[in-house]
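With the hints as constraints, model all of the structure from the sequences given.
So you can see what is in the structure, the chains are spelled out below.
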Amino acid sequence: MAVDVEAFYRSHGPMVLRRCRRLLRDEAKAVDAMHDVFVEILRRKDSLEASSPAGLLLTTATHVCLNRLRSERRKPEDAEDEMMFQIAALEGKGSAEEQTLAGRILARLFTGQPESTRLIAVLHYVDRLTLEEVAAEVGMSVSGIRKRLRTLRERLSAVAEAA
Amino acid sequence: MANQAKVPDYLLERMKAGELSATQTESLRARLHADGEEDRLAKLTESDAEILAALSPAQVAHEIERRRARHPAGRMRPLWALSVATACAAGIAILVTAFHDRRDTLFHPGGFYEGIKGDEHRAALRIYRKAGAGSDLLKPNAAVQKGDNLQIRYLAAGKRFGVIASIDGRGTVTLHLPESPGQAAALGRDGERALPHAYELDDSPKFERFVFITSDAPFATDDVTRVLRSGTALPPALASFEIALRKSP
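If you read the sequences in order, they're chains A and B.
In my numbering, each residue's number is its place in the first sequence (first place is 1) plus 36.
In my numbering, each residue's number is its place in the second sequence (first place is 1) plus 973.
Because the hints were derived from the structure by calculation, they are not lab data.
Even for Gly, the Cβ is constructed at its ideal location relative to N, Cα and C.
Among the clues, some could well be false.
As the list claims (entries may be wrong) - Listed below are the simulated BS3-like cross-link pairs for lysine-lysine, each with C-alpha atoms no more than 25 Å apart in a straight line:
1) B:K989 to B:K979
2) B:K1179 to B:K1119
3) B:K989 to B:K1016
4) B:K1179 to B:K1016
5) A:K65 to A:K111
6) B:K1220 to A:K65
7) B:K1179 to B:K1112
8) A:K65 to B:K1179
9) B:K1220 to B:K1112
10) B:K1103 to B:K1220
11) B:K1132 to B:K1112
12) B:K1220 to A:K111
13) B:K979 to B:K1016
14) B:K1119 to A:K65
15) B:K1119 to B:K1103
16) B:K1103 to B:K1179
17) B:K1112 to A:K65
18) A:K65 to B:K1016
As the list claims (entries may be wrong) - Among the chain B residues that face chain A by a calculated CB cut under 10 Å, a handful are:
19) A995
20) Q997
21) D1021
22) H1035
23) R1041
24) Y1101
25) R1102
26) K1103
27) L1110
28) A1116
29) S1153
30) A1206
See the structure below:
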């Protein structure tokens, strides 16, 4: 599938940049991350289903930003920022989920496999989507989302205590 | 309805993109109405225009393609490795450039810092801010403010004709070289050339984006100002170098 990169950016770039700005809180880093979001998407353009490119871009932007935050050393600006850092710090390099993230993070978006807990956490705790809205976004049941978040809350507590 | 939180930006973006169901869209519109926030969609559209003016499609597409070429599909590194590598590269670039002669630094045409690798074969802009008796070379996305005096310099890299212009956060286009509409200026072809006058920033918000358009053949300044105002693509015969600066309050 041929992609006109300029047109793709013109139609969706501002949305991606706003997403990166919100999650990274730094203009230069957000601009840098935005480019990587498009690079990641375009690498998989052959398997890209164009039914919801905005959702795909937002999801990819979230993952890219989480990975950036993992290596950040700045002090969180507020509670929401702190939550982002905690979520980003989850799923260490050796965990099964991170291995998936590292190797196939975006492939899952194209194959309909379950979304990562980190994305679910960002949508609920940072973006303030309701459980029902998160479930609709990631294609899971509300009970499934609730279960993931319950487990996550325990891990977030552990992260907070260890910090 | 009254107890619901405000519509998340995430859903608003999806709604604006037309990717939500009719039921979801109707529900969100009702929530926006109830919250008195019906203008949020219009504000997103305004934001779109501001971002596209500050980071032009041609500029961003160029940078995306550059990154894709550097790491082609099939040889993709894990994302966490990408983060670490990027952080390391940035750290090294900062360390090296902190001790390196300013003359050897160049910005990538996409407006991104390229480190110490110069490219004498590519036309480029360098923007300095007057600071006391001297001046500071500004990096892309550097913070600037009203009253800053900017000295614009260019490297023609052998190109014969050029136009330097800028567009600010209000969409106002300013010609710097030549200073009046007409034909592109004949460029000084050797070394770094300073424009005759410094440029003082006004109170326009958000950004000031400078572009340097060059060609081996004459062209009109209108070709540049029209593209800046509309955000459309440059004619293929023209090459561009861009650098955007952030306006701080």
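Structure-based check of each hint:
1. B:K989 to B:K979: Holds: B:K989 and B:K979 sit about 16 Å apart, inside 25 Å.
2. B:K1179 to B:K1119: Given pair B:K1179, B:K1119 holds - Cα atoms ~11 Å apart, limit 25 Å.
3. B:K989 to B:K1016: holds, 11 Å
4. B:K1179 to B:K1016: holds, 15 Å
5. A:K65 to A:K111: Between A:K65 and A:K111 the Cα gap is close to 16 Å, so the pair holds against 25 Å.
6. B:K1220 to A:K65: holds, 16 Å
7. B:K1179 to B:K1112: holds, 16 Å
8. A:K65 to B:K1179: Between A:K65 and B:K1179 the Cα gap is close to 16 Å, so the pair holds against 25 Å.
9. B:K1220 to B:K1112: With Cα atoms ~13 Å apart, B:K1220 and B:K1112 stay inside 25 Å; holds.
10. B:K1103 to B:K1220: Between B:K1103 and B:K1220 the Cα gap is close to 16 Å, so the pair holds against 25 Å.
11. B:K1132 to B:K1112: It holds: about 23 Å lies between the C-alpha atoms, which stays within 25 Å.
12. B:K1220 to A:K111: holds, 24 Å
13. B:K979 to B:K1016: holds, 16 Å
14. B:K1119 to A:K65: Holds, because 24 Å separates the two Cα atoms, which is no more than 25 Å.
15. B:K1119 to B:K1103: holds, 13 Å
16. B:K1103 to B:K1179: holds, 20 Å
17. B:K1112 to A:K65: holds, 14 Å
18. A:K65 to B:K1016: At roughly 23 Å apart (the allowed maximum being 25 Å), B:K1016 and A:K65 satisfy the hint.
19. A995: violated, 14 Å
20. Q997: holds, 8 Å
21. D1021: For B:D1021, the interface hint holds, since the closest Cβ of chain A sits about 4 Å away, which is under 10 Å.
22. H1035: holds, 9 Å
23. R1041: Cβ of B:R1041 sits 5 Å from chain A, so the hint holds.
24. Y1101: violated, 19 Å
25. R1102: Since chain A brings no Cβ nearer than about 17 Å to B:R1102, farther than 10 Å, the hint is violated.
26. K1103: violated, 23 Å
27. L1110: Where the cut-off is 10 Å and the nearest Cβ of chain A is about 16 Å from B:L1110, the hint is violated.
28. A1116: holds, 9 Å
29. S1153: violated, 30 Å
30. A1206: holds, 7 Å
In this structure, the earlier hints numbered 19, 24, 25, 26, 27 and 29 are contradicted, and the remaining ones agree with it.
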